[in-house]
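A.B. asks: Sequence:
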Amino acid sequence: MNDSVTFALSIVMDMKKEMLICSIVLCWLSHLAAAQSLDSLQLALKKANNDIDRAKTLNALSDQYKYTQPKRTADYALNALQIAERIQYKKAQGDAYLNLGNAAIISGDYPKAMEYFLKARNIFETEISTQSDEQLACKASLAKAYGSIGIVLAEQSNYAKAIEYHLKAVKLYEIIKDAKKAAQVYNNIGVAYKSQSADFKALTYFVKALKLQEKFHDPNLGITQTNIANCYLKQKNYPQALTYYNQAKASIDQHPDARALGEWLNNMGLYHQQMGASEKAIASWNQSIKNSHAIGDRFAQADTHLYLGALYLSLRQFPQALSHAQTALQLANELNVLEQKMAAEKLLSDIYGRQNNSEMAFAHFKLYSADKDSLNNAESIRKGLEAEMNFEFEKREVLQKEALQKKELLLQEEAKKNRLELIFGGLLALLLAGIGFLYYNRMQLKKHLTLQKELAEYEQKALHLQMNPHFVFNCLGSISSFIVKNGTHSAVKYLAKFSKLMRLTLEYSKQSLIPIHKEIQSLENYLELEQLRFNHKFDFSITKDQTIEDDLALPPLLLQPFVENAIIHGVIPSKELGLIQIHFSIENDSLICTIQDNGIGFKASRAIKENSVSVHQSMALDITKKRLQMISSSMAQKAEVTIDDLTLEDTGQTGTRVTLYLPIQYISKHNLQPAIALKD
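Position 148, counted from 1, in the sequence shown is what the working numbering calls 148; the numbers after and before it change by one each time, with no gaps.
It should be emphasised that the hints constitute simulated quantities derived from the structure, not laboratory data. Fair warning: there could be bad hints in the mix.
Said to hold, decoys possible - Cross-link-like lysine-lysine pairs, in silico, BS3-like; alpha carbons within 30 angstroms at most:
(1) K177 - K139
(2) K249 - K139
(3) K625 - K638
(4) K180 - K71
(5) K625 - K544
(6) K139 - K236
(7) K180 - K201
(8) K366 - K406
Let the hints inform the model, and build the full structure from the sequences given.
C.D. replies: This is the structure:
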């Protein structure tokens with residue numbers, strides 16, 4: 001191949017390298033996009049009721065807009081950053097800086113992008129070192145920051161540093177088992193090595209990317225296969241190159257991508273050209289031109305026309321070479337791409353030179369030289385800016401290392417301080433152990449006294465459990481009597497009330513104390529049951545003073561035997577309509593429970609029972625008296641019962657008054673454990 005053709009192709013390949021880097025930038029950004037749609041994110045932003053959710057949603061919106069509207073990307077990211085800084089939400093701060101960096105990349109402001117990515121990196125590195133609650137998410141975001149820094153460094157032609165940061169990113173992706181992102185970074189590392197003409201290393205990383213992409217059927221598989229084929233083509237390993245070009249075509253057909261197809265067609269043209277199959281090369285490039293024209297990719301069209309012009313020149317088919325070179329120049333002028341203009345002018349100069357048209361050859365050579373000087377000047381300026389940016393980057397790296405060293409020194413000092421604190425803490429522990437030994441002896445004595453008290457409470461519970469079977473036995477006897485007297489329908493109604501009472505009784509039997517309102521509820525159920533049984537032979541009322549609180553407590557089933565006595569032995573034998581009055585009040589340090597009836601009176605009732613069997617009731621009263629004794633002994637407070645016979649002279653009516661004096665106790669509202677009221 002002659003020098004002019006080689007030069008034209010080298011210019012085109014340099015431009016392809018730049019375009020490849022740009023495509024990698026866009027590919028990287030595309031895979032950072034959130035899965036949610038813009039509509040759902042806007043709705044989520046409206047519904048967000050806290051700053052954490054607002055910051056997250058703003059970052060997600062920023063990420064969505066970066067392809068089409070970099071300004072909106074930056075605006076959303078800035079709003080997210082303001083909120084995150086206000087509430088000190090580090091993860092959202094770092095994500096906001098990533099989005100700001102992405103917006104800067106799309107806008108072409110690489111120094112600003114680098115600044116944002118470095119801030120994001122510092123935040124995520126700190127969050128990971130402090131063991132934050134979002135370890136996994138922070139590692140993923142740190143990997144994005146490393147990869148983004150690598151992309152900016154590659155754009156600045158600082159490939160060694162770019163590879164260093166890409167390797168940091170891929171290591172994190174491997175740790176968090178994100179194979180898709182790892183494949184993308186492997187591909188970027190391959191591009192960086194290929195840009196340095198390190199084709200063997202580039203091929204290694206392209207193959208790594210390919211293996212991962214094949215596992216999850218990545219739609220970009222064809223691009224990676226094309227990159228591998230290009231490496232083999234450069235090594236002149238034509239069989240392997242053809243194998244991967246064929247695989248790439250199959251992948252592109254499976255996941256259609258017009259730009260990927262155009263790139264493949266151009267590379268296949270180069271392959272055919274090297275194999276000496278000029279007609280196949282021309283056919284491939286002509287198809288590439290049609291493809292590029294269909295998607296409006298004039299840059300790719302200009303590249304392909306340069307390929308064709310150079311090939312036709314080597315074949316000495318000057319009219320075709322001239323036509324393609326002129327078309328390439330026209331497209332380059334429209335796009336104002338200096339590299340393409342320079343390649344087209346050089347190609348035209350060589351074509352006219354071969355045709356012995358020295359005037360046109362010299363004219364185009366002058367234009368080529370002017371474009372070359374302009375390109376060299378622009379390249380010099382770009383390299384100067386890159387050198388400046390690299391210097392700033394290195395400076396930041398040094399400053400960061402110094403900061404890390406200072407942090408390490410502070411940690412060492414903190415460790416020394418902790419050791420001293422540990423020694424003094426040990427001495428203090430010995431002192432406290434001595435004091436604790438003395439305290440332990442005292443607590444043992446207190447524990448012994450507490451155990452004695454608990455024993456008394458358990459004995460009281462045992463007496464309470466004896467009360468339950470007796471109560472059930474009496475109720476069942478009442479049901480049996482009611483069935484005989486009133487028939488099945490009334491018995492069913494009676495049983496319904498009895499079952500409700502039994503549920504309450506079973507519930508209360510598990511507790512040593514119940515709130516006073518539950519005791520009143522139980523007594524009401526029992527009295528209603530007995531009203532049904534005795535055909536409303538009596539009325540009843542249950543009242544309590546307004547000063548009594550709902551969490552005031554008393555032992556369950558303590559009053560029921562006395563109420564039962566008032567019914568069976570008081571109001572039922574009487575000829576008058578009975579009335580049972582129950583009243584709760586507080587006097588001094590005691591809860592006063594009064595049960596009064598207008599029956600025949602205590603003495604008259606006892607006279608009737610003298611010749612009758614009263615084992616059951618005597619058992620209930622005996623158990624109740626023992627319970628009161630246990631309460632009195634365990635709490636060292638008065639717990640007793642008095643029974644007074646009412647006569648006509650005393651109150652104008654007969655009957656019996658039973659008065660119970662109980663210690664004041666409360667049910668804790670938080671743990672429902674009994675609490676003893678303290679004296680003033």
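A.B. asks: Against each hint, give a clear statement of whether it holds in the structure.
C.D. replies: Against the structure, the hints come out as follows:
{"no.": "1", "hint": "K177 - K139", "in the structure": "holds (11 angstroms)"}
{"no.": "2", "hint": "K249 - K139", "in the structure": "violated (36 angstroms)"}
{"no.": "3", "hint": "K625 - K638", "in the structure": "holds (13 angstroms)"}
{"no.": "4", "hint": "K180 - K71", "in the structure": "holds (28 angstroms)"}
{"no.": "5", "hint": "K625 - K544", "in the structure": "holds (23 angstroms)"}
{"no.": "6", "hint": "K139 - K236", "in the structure": "violated (41 angstroms)"}
{"no.": "7", "hint": "K180 - K201", "in the structure": "holds (21 angstroms)"}
{"no.": "8", "hint": "K366 - K406", "in the structure": "violated (59 angstroms)"}
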